[in-house]
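Q: As given, the protein sequences belong to chains A and B, one line each in that order.
Its first residue numbered 721, the first sequence is counted upward by one per residue in the numbering used here.
Its first residue numbered 141, the second sequence is counted upward by one per residue in the numbering used here.
None of these hints come from the bench; they were simulated from the model.
Heads up, some of the hints might be wrong.
As the list claims (entries may be wrong) - Computed spacing ranges between beta-carbons, pair by pair:
id	chain 1	residue 1	chain 2	residue 2	range
1	A	GLN784	B	LEU280	46 to 54 angstroms
2	B	LEU355	A	VAL781	49 to 57 angstroms
3	B	GLY165	A	ARG880	47 to 55 angstroms
4	A	ARG772	B	ARG205	35 to 43 angstroms
5	A	PRO835	B	GLY301	41 to 49 angstroms
6	A	VAL781	B	LEU280	16 to 24 angstroms
7	A	GLN888	B	ARG205	35 to 43 angstroms
8	B	GLU406	A	GLN888	18 to 26 angstroms
9	A	ILE1014	B	ILE183	43 to 51 angstroms
10	A	LEU890	B	TRP213	36 to 44 angstroms
11	A	LYS941	B	THR345	24 to 32 angstroms
12	A	ILE1014	B	MET333	33 to 41 angstroms
13	B	ALA341	A	SER1015	46 to 54 angstroms
As the list claims (entries may be wrong) - Rough simulated footprint, nothing fancy, chain A against chain B, three-plus residues with beta-carbon under 8 angstroms:
id	region
14	277-283
15	368-380
16	398-404
17	423-435
Unchecked claim - Covered by chain B, according to a simulated footprint, are these stretches of chain A (three or more residues, beta-carbon under 8 angstroms):
id	region
18	734-745
19	812-819
20	851-861
21	868-875
22	967-977
23	982-994
Here the structure is a predicted model, which is why all the values come from computation and not from measurement.
From the three backbone atoms N, C-alpha and C, an ideal C-beta is built for every residue, glycine too.
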Amino acid sequence: MTTFLIRRLLHSIFVVLAITLVIFVLVRLTGDPVSIMFQAGEPTKEAIAELRKNLGLDEPVYVQFLLYLKDMFTGNLGTSFRTGESVIGMMQEKMGATLLLAFGGMFVALLIAIPVGIISAVRRGSVADFFGRIFSLLGISFPNFWLGIMLIIIFAVKLRWFPASGYQGLEYLVLPSVALGLILSGILARLVRSSMLEVLNQQYINTARSKGIKEWIVVIKHGLRNALIPTVTFIGLQFGTLLGGTVIIEQVFSWPGIGRMLIDAISQRDFPVIQGSVIILSFLMIFVNLLVDISYGFIDPRIRQGGGKSE
Amino acid sequence: MTTAAVTNNQTNPPVKRRGKWNKMGRRFVRNPWAMTGMFLLLIALLSALFAPVLAPTTPDKADLRARLTAPSWMDDTGKSEHILGTDQVGRDLLSRIIYGARVSLLVGVVSVLISMVIGVILGLIAGFYGRWVDDLLMRLADVQLAFPFILFAIIVMTVFGAGLWKLILVLGISNWVGFARLVRGQVMSVKEMEYVQAAKAIGATNLRIIRKHVLPNVLSSIIVLATLNVAVNILLEASLTFIGLGVDPSIPTWGGMLADGRNYLETAWWVATFPGIAIMLTVFGINLLGDWLRDELDPNLRV
Chain A
721 MTTFLIRRLL HSIFVVLAIT LVIFVLVRLT GDPVSIMFQA GEPTKEAIAE
771 LRKNLGLDEP VYVQFLLYLK DMFTGNLGTS FRTGESVIGM MQEKMGATLL
821 LAFGGMFVAL LIAIPVGIIS AVRRGSVADF FGRIFSLLGI SFPNFWLGIM
871 LIIIFAVKLR WFPASGYQGL EYLVLPSVAL GLILSGILAR LVRSSMLEVL
921 NQQYINTARS KGIKEWIVVI KHGLRNALIP TVTFIGLQFG TLLGGTVIIE
971 QVFSWPGIGR MLIDAISQRD FPVIQGSVII LSFLMIFVNL LVDISYGFID
1021 PRIRQGGGKS E
Chain B
141 MTTAAVTNNQ TNPPVKRRGK WNKMGRRFVR NPWAMTGMFL LLIALLSALF
191 APVLAPTTPD KADLRARLTA PSWMDDTGKS EHILGTDQVG RDLLSRIIYG
241 ARVSLLVGVV SVLISMVIGV ILGLIAGFYG RWVDDLLMRL ADVQLAFPFI
291 LFAIIVMTVF GAGLWKLILV LGISNWVGFA RLVRGQVMSV KEMEYVQAAK
341 AIGATNLRII RKHVLPNVLS SIIVLATLNV AVNILLEASL TFIGLGVDPS
391 IPTWGGMLAD GRNYLETAWW VATFPGIAIM LTVFGINLLG DWLRDELDPN
441 LRV
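Isolated chain B (complex conformation) (with noise of 0.2 angstroms):
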C-alpha cells in the first residue's frame, strides 16, 4: 500500500506528495502517542542543545560540603538548593542530567547513522552483485548476529578503551545488518522486475536505479528502523558506560551517573534514581514515535 503511493510519487508531480506529507502530519497532530513521543522526545532534545541556559550549574561543579544532598522537595530543613539532590561529591543532580542528553542522543544517532551508511551499502552491493559477494556478505551478517552485541562491545571497548567516539562507532559498526536486509532484499525484487529491465535496456545506469527504484521503496522501512535503532543503542551506550566500558567518566552521561548512584542505594536513592529515569522517558518518547512512524510508514514490520 505504501509501497504503491512511494512508487506512484515517482511519476507524479510533487503536489500530492505534499498532500500525503499533510495528510501524516495531521493524523500526527491527532495521535495522542505519537505526541506524547514527539513532547518527550523535545524535551531532551532541547536540554541537549541549550544546556548550558537551563542546567542550574556546570555539571562538573563539586561541593564537598553538599555531598549526597537530598532533594530540595524533600529536605524539611530547608537548606538544600539542589531540586533533583546532588552525588557523591556533591554535584548537582539536575545539572548533570540536563547535560547527560547530550550523550545520549549524540550517541544514539551518530551510530544508527553510521549503521544505516554501511548497511545501505553493503544491502546494495549484496543485491546487485549476487552470487559470491552475496553469500559472503550473508554469511558475515548471519556471524554478526550470532555474537550477542554487548560480548562484542566489552572485548572490543576492552582493547582499545572507553571513550565517546570508540563507543559510537562500535555501536555503529554492529548494527548494520538490518539496513543490508531491508536494502538487499528490495534489489533482489526490483532487479528481475520487467520495468527496471526495460530501465536497463534503454542505458539506465545502477545508479539510475538504485536512485529511482530502490531508494525510494525502502525508505520508509530505513527510517522506521533507524528510528527504533536509536532508541536500542541509547539503552547500549547506558549499560557500557554503567559497567565503564562506554563513555569516559569525564563526561556527564546518564550511564556514569547510575554507576556512581550505585554505590549509596541505602543512603541516598536519588543518585541512582533520577537518571534512570531520565533514560527511559528518552528512551520511550523514541520508541511511541518508532511505534507511530511504522503505523503510518511500513504496516508489513510491525512485529
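Pulled out of the complex, with its shape left as it was, chain A reads as follows (with noise of 0.2 angstroms):
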C-alpha cells in the first residue's frame, strides 16, 4: 500500500508540474503582459522598462518559470491585472461556490442513477429498463448550458419556482445542481446497471438467495456495495468533467464561482487571473483523481494488497 501511495504522489506531481509547465508557456505565447497592462496611454520607455523589472520580466523564461513555481508553492499566483487584488484570495473567495456546486450536481447524479441503474439491472429487458437506456442515452446528448437555460425558463420565468440566478441560499442551488447532474446521470446509470449486471451474475449472489436473504437485501447489501467500485472509479474521473462543467453552468446561472470569475478574466484578458484558475481547478481535479485511486484500496482490499500493481 505504502509504495503504492509513494507511486501515485510522485505521479500526481509530475502531472501538476507538467500542467504548470503547458499553462505558462501558452500564457506566455500571448505577448508581453506589459504591453496588455498599458493598453491605455503612450507609456515611455523607461515606465516600461521599469514594470518588466518589477514583473521579473527581465529575466530568462525557464528563471521566470522557477520563480513562478516557487512562487506557487509558497501560495502565491500573482496578482490580478485589473484590481490587483491577490488571485490566491479571489480563489479563496469563490471556491467554495464552485465546489458546493460540483457537489450538489454530484448528489444530484446520484441521486438517479443508482436507483435507475439498479431498476435497470434487477428488471433486465423490461419496460423499465428500456425507459432507462433512452434515459442514459439522451442524458449524454444534452449540451447542459442548454438544459440550464430549459430549467431557468420553465421553473424561474414561468413558474417561478426556483430563482433563475445569483447565490444567496439553497433554493439558488437547486437547478444548477440539476443542470450539472442530469446529464452526469445518464453516463452513471448505465455505468451503474452493467456493474450491477455482473455482480448480479455471481456464484455469491445465488448463494445469498438460496439462505433465504430478502431480495432487496441481496440486491442492496451483496450487489450494489460490489457495483459501487467501478462507479467510485468513475464519479472520479468524472470529477474534471463535473469542474469544467460548472465553468458554462455558472456564467448561465451568474453563480460566483470560479468558472465565473474566469470566463470574466478571458474578457478582460486578466492573464494572471486565468492562468491561477486553470491551475487551481486542474489540481483540484488530479487531487480527487488522487483521493480515489486511494479510496479503492479502503473498498477494495485485493487492490491494496497487489501493491503499486494497479496501474
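Hints given; two lone chains; assemble the complex.
A: Here's what the structure looks like:
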C-alpha cells in the first residue's frame, strides 16, 4: 500500500508540474503582459522597463518559470492585472461556491443514477430498463448549458418556483445542480446498470439467495456494494468533467464561482487570474483522482494487497 | 469474437467479408434504434449539404422590424412568416439552424479525424518502440487526461482568439489519447504473437505488420470510438462557442444562437430553445448509431 501511495503521489506531482509548464508557456505566447497592462496611453520606454523589472519579466523564461513555481508552492499565484487583488485571495473567495455546485451536481447525479441503474439491472429487458436506456443516451446528448437555460425558462421564468441566478441561499442551488447533475446521471446510470448486471451473475449472489435472504437485501447489500467499485472510479474520473461543466453552468446561472471569475477574466484578458484559475481547477481534479485511487484500497482490499500493480 | 472474424477475413477471399457486411446491414435495418439514429443524422447531414436550398431565407438577413417575432404557429395575428420565429435582429431562426448544421458536423467530423490520425500514429510509435518512447508518450497521455479539456481549450482559445479552424485544431490535438491507447495495446499484444514473430523472421516489414495484423484488429474499436467522439466534440464546440471562445459570431452556429437567446429568456424563449433542440437531436442520433455500432463491432468496449 505504501509503495502504491508513494508512486501515485510522485505521479501526481509530475502531472502537476507538466500542467503548470503547459499553462505557463501558453500564457507567455499571448505576448508581453506589459503591453496589455499599458493598454491606455503611451508609456515611456523607462516606464516599460521599470515595470518589466518589477514583474520579473527581464529574466530569461526558464528563470521566470522557476520563480513562478517557487511562488506557487508558497501560495502566491500573482495579482490580478485589473484589480491588483491577489489571485489566491480571489480563489479562496470563489472556491466554496464552485465546490458546492460540483457536489450539488454529483448529488443529483447519484440520486437519479443509482435507483435507475439498479432497477434497469434487476428488471433487465423490462419497460423500465428500456426507459432507463433512453434516459442514459439522452443524458449524454444534452448540452448542459442548454438544459440550464431550459430549466430557467420553465422553473424560474414561467413557474417562478426557483430563482434564476446568483447565490443567496440553498434554493439557488437547485436549478444549477440539476442542470449539472442530470447529464452525468445518464452515464452513471448506465455504469451502475452494467456493473450491477455483472455482480448479480456471481455465485455469491446465488448463495445469498439460496440462504433465503430477502431479495432487496441481496440486491443492495451483496449487489450494490460490489457494483459501487467501478462507480467510484468513474465518479473520480468524471470530477474533471464536472468541474469543466461548472465553468459553463456558472456562466448560465451567474453563479459566483471560479468558473464565472475565469470567464470574466478572459473577457478582460486578465492573464494572472486566467492562469491561476486553470491551475487551481486542474490541481483540484488531480487531487480528487488521487483520493479516488487511495479510496480503492479501502473499498477493495485486493488492490491494497496488490501493491503498486494497479496501474 | 469480432476480432477472430476480422482476422479470418485476412486469409479468406472477399466473398465472406461481403457476407458479414450484408448481415450487419440487415440487422441495421431491423434495429429501430439504429434506424432512428441514422434518420436524425441524415436530417442534420442534408441540412448541412443543401442549406441554401432548404433554408427559407439567408441566415444573415436581418429584419429589424421583425425582431424577436414569435414562431408562426404561436402567433394569433397571423403576421409572422417565420416557422421558428426570429432572433434579436430579426433573422429567421429556422434558416440559421439549417446553416448551423454545417459548423457542427464539420467541427465534429474533422476534429475527430485529426485526433484519429495523431492517436494512431502515436499509438503505433509507443507500441513498436516501447521503452522510453512509450513511457514518455504514456506520461503525456496522463497529463492530457488530467487536464480538463474545457480548461485547456479556454486557455488556448483565449491565447489564439476564437475561430472555426483554430477550434477544430484544438479539439483535434487534445483528444488523441483514446485512439493511441487502443492502437498501442493492439501492437503490444500482437508483437509477441508467434505468427507475427514468424512473419518478421521471413522478412515482413513493420509497415506490413501494421497493415495486416494491427490495424484490422483495432479498426472496429476505432470506428466506434470515433463515432462517439464526434458526438462529444459537437457538444464541446457548442459549449465553447456559447461562452464566446469557439467559432466566431459571424458564422451561424447552434452554440452562438444559444448565447444570443440567453438574453431574451423572459421575452422570447424560442431563440434559446430551438437551436438546443437541434444540437440534442443531432448528438442523440450520433450516439444511437455509435451505441449500435459498439454492440455490433466491439462488445468489449461496452460500458
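Q: For every hint, state whether the structure bears it out.
A: Checked hints:
1. A:GLN784 <-> B:LEU280: 46 to 54 angstroms: violated (23 angstroms)
2. B:LEU355 <-> A:VAL781: 49 to 57 angstroms: Violated - the Cβ-Cβ distance for B:LEU355 and A:VAL781, about 41 angstroms, lies outside 49 to 57 angstroms.
3. B:GLY165 <-> A:ARG880: 47 to 55 angstroms: The hint (47 to 55 angstroms, Cβ to Cβ) holds, given that B:GLY165 and A:ARG880 are roughly 52 angstroms apart.
4. A:ARG772 <-> B:ARG205: 35 to 43 angstroms: violated (54 angstroms)
5. A:PRO835 <-> B:GLY301: 41 to 49 angstroms: holds (46 angstroms)
6. A:VAL781 <-> B:LEU280: 16 to 24 angstroms: Because 21 angstroms falls inside the window, the suggested range holds.
7. A:GLN888 <-> B:ARG205: 35 to 43 angstroms: holds (40 angstroms)
8. B:GLU406 <-> A:GLN888: 18 to 26 angstroms: The hinted range 18 to 26 angstroms holds for B:GLU406 and A:GLN888, with Cβ atoms some 20 angstroms apart.
9. A:ILE1014 <-> B:ILE183: 43 to 51 angstroms: holds (48 angstroms)
10. A:LEU890 <-> B:TRP213: 36 to 44 angstroms: Holds, at about 39 angstroms.
11. A:LYS941 <-> B:THR345: 24 to 32 angstroms: violated (57 angstroms)
12. A:ILE1014 <-> B:MET333: 33 to 41 angstroms: Roughly 37 angstroms apart at Cβ, these two residues keep to the hinted range, so it holds.
13. B:ALA341 <-> A:SER1015: 46 to 54 angstroms: holds (48 angstroms)
14. 277-283: holds (count 3)
15. 368-380: holds (count 4)
16. 398-404: holds (count 3)
17. 423-435: holds (count 5)
18. 734-745: holds (count 6)
19. 812-819: violated (count 0)
20. 851-861: Check passed, 4 qualifying residues.
21. 868-875: holds (count 4)
22. 967-977: Since 4 is at least three, the answer is holds.
23. 982-994: Satisfied; 6 residues make the cut.
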